[in-house]
Every structure is written in structure tokens, then in C-alpha cells.
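*Asks:* Position 200 of the sequence shown, counted from 1, bears residue number 200 in the UniProt record's numbering, the numbering being contiguous throughout.
In case anyone wonders, no lab produced these hints; they're calculated from the structure. Heads up, the beta-carbon is just placed ideally off N, CA and C, and yes, glycines get one too. Each hint can be trusted.
Just the calculated beta-carbon pair ranges, DEER-fashion:
hint, residue 1, residue 2, range
1, 133, 158, 33 to 43 Å
2, 54, 102, 52 to 62 Å
3, 214, 39, 28 to 38 Å
4, 50, 108, 46 to 56 Å
5, 43, 263, 51 to 61 Å
6, 106, 65, 47 to 57 Å
7, 130, 258, 33 to 43 Å
8, 188, 29, 28 to 38 Å
9, 242, 133, 20 to 30 Å
10, 44, 106, 49 to 59 Å
11, 92, 263, 17 to 27 Å
12, 47, 188, 47 to 57 Å
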Amino acid sequence: MSELQPMATKGIRGKAVGKLLTSLQSLWGVLAIVLLWELWVNLSQLNTIVMPRPLDVVSDIASAPGVYFASTAQTLLLAVVGLILGMIIGTALAILTWLSRILAGLLTPLGLIFASVPVVALIPVLARIFGYDIRTVLAIVVIISFFPAFVFTTAGLRAPPPGSDDLFRALGAPTLRRLWLLAIPAAVPEWAVALRLAAANSILAAMVAEFLMGTSGLGHLFHAARADLDMSRALGASAIATVISVMSFLAASRFEKKVRQHWS
1 MSELQPMATK GIRGKAVGKL LTSLQSLWGV LAIVLLWELW VNLSQLNTIV MPRPLDVVSD
61 IASAPGVYFA STAQTLLLAV VGLILGMIIG TALAILTWLS RILAGLLTPL GLIFASVPVV
121 ALIPVLARIF GYDIRTVLAI VVIISFFPAF VFTTAGLRAP PPGSDDLFRA LGAPTLRRLW
181 LLAIPAAVPE WAVALRLAAA NSILAAMVAE FLMGTSGLGH LFHAARADLD MSRALGASAI
241 ATVISVMSFL AASRFEKKVR QHWS
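My request is simple: use the sequences and hints to build the entire structure.
*Replies:* Right, dumping it as C-alpha cells:
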């Protein structure tokens, strides 16, 4: 028994090292960018006002955790709430277009119009409606999250297994039964794709809206720091938003993989 313990310990250590190497392999691109950034700043001898070193950015984040935490919490809350609302609205409207061709002809062009209009152009209009506060930021995130949910769910609802819809119709299945047993299961994997895309975009959409609106959050922190020529803090806000966005994308990608394994 005692002889097996060292072997088990070595096995655990080997797995830990393997996971570490796998993580480093997936992050090699980021590490390379940071290294090139450090070399470029040192060789060019740039002033920190123009471009701080990566260590300066990390040092600023570590020196003011309260400032970054409050801004991150604000942006993350708006992004999560906007993502949930956007996914719900997009999914609900996609189901309505499946149920009614009239609604499909009405809602699909409207969805395309919203998707084609730049966020910068929408902000003045939404600010007039909701006011110059976080409600407009939330509305922007909802719109950004709505379009992937609407498009991918609509495509999934209209792509059941070949011949299955004809079989259900031949058996006299009512519309709602075909929706529940046929269309929705076919749309779930596509819905997961929409979530993967919207999860990453919701963070960046919230930050951009905060930056343009001048409200609280990482976007406002970036704007204020840039105005004060505090580039370490500005890049710190950008780095945190990027990390959260990438983590959201990776988590949603893992969720999508599990959904496809279960529903495909």
C-alpha cells in the first residue's frame, strides 16, 4: 500500500503539470504579445504617458483594487443582465416568427435593421428615450445580445432533422407539439452558439456604451484615465474587460460543447 502512494502522488503531479502546459499552450499568443509589448517599450524608450509597460499596468491594478473592482462590478452586472434579457427577447421573437409567417415578415427586417446600425448611432436615440444613465447602457447590451439569439434560434427552429416535420404533419401533430418536440430541440445547439457569441460581445458592448455615455463602469474609468493621461489605468481597464470577455467566451464555448453532445 505504501508503495502505491508515491506512484499516485507522481500521477497527480503529472496531471497537474499536463494541465499547466495545456494552459500555457492556449495562452502562448497572449504571452507573446505581452513580451513584445515589453520589448517594444524598453527599446523605444517611450514615456509612460505614451505607452506604459505591462508591469506598470499590473502594478496600477494591484495598487487600486477598490477602484477596479467597483468599475468591473458595474460593467459586469450590466453585461450579465443585458445578456440575459437579450437572449430571452431574441429567443422569444424567434419562436414567434416560427409560429407566424406574418410576424416573421415583420420582425426579421426589423432585426436586420437593428443589427446593421452602428452602436454609436444608436446611443443618441436611446439616450433620448431612456436618459443619459445606465438604462441606455443596458439597452445597448440587450440589442447587441438580441441579434445573435434571434438569428441563430430562428435558423435552428427551421432546421429539424430531414423528414421529421413531414412525419409530424402526417401524424396530425398540432403546431405547439411540433414546436416543443421538434423545432426547439433542433434549435438548442444553435441557441448555444448565439450565447457563445453574445457572451463575449456583451462585456465589450457595455464598456463601449459606458465610454460614450460617460456613466460609471470600466468604460468610464478608461475615459477618465485617458483624459488625465493616466495610460496605465486606461490600459488596466481595457485589460480587465478583455480578460472577462475572453473568459466569458471560453465558458460559453464549453457550455456549447456540452449542449451539442447532449442534443446532437
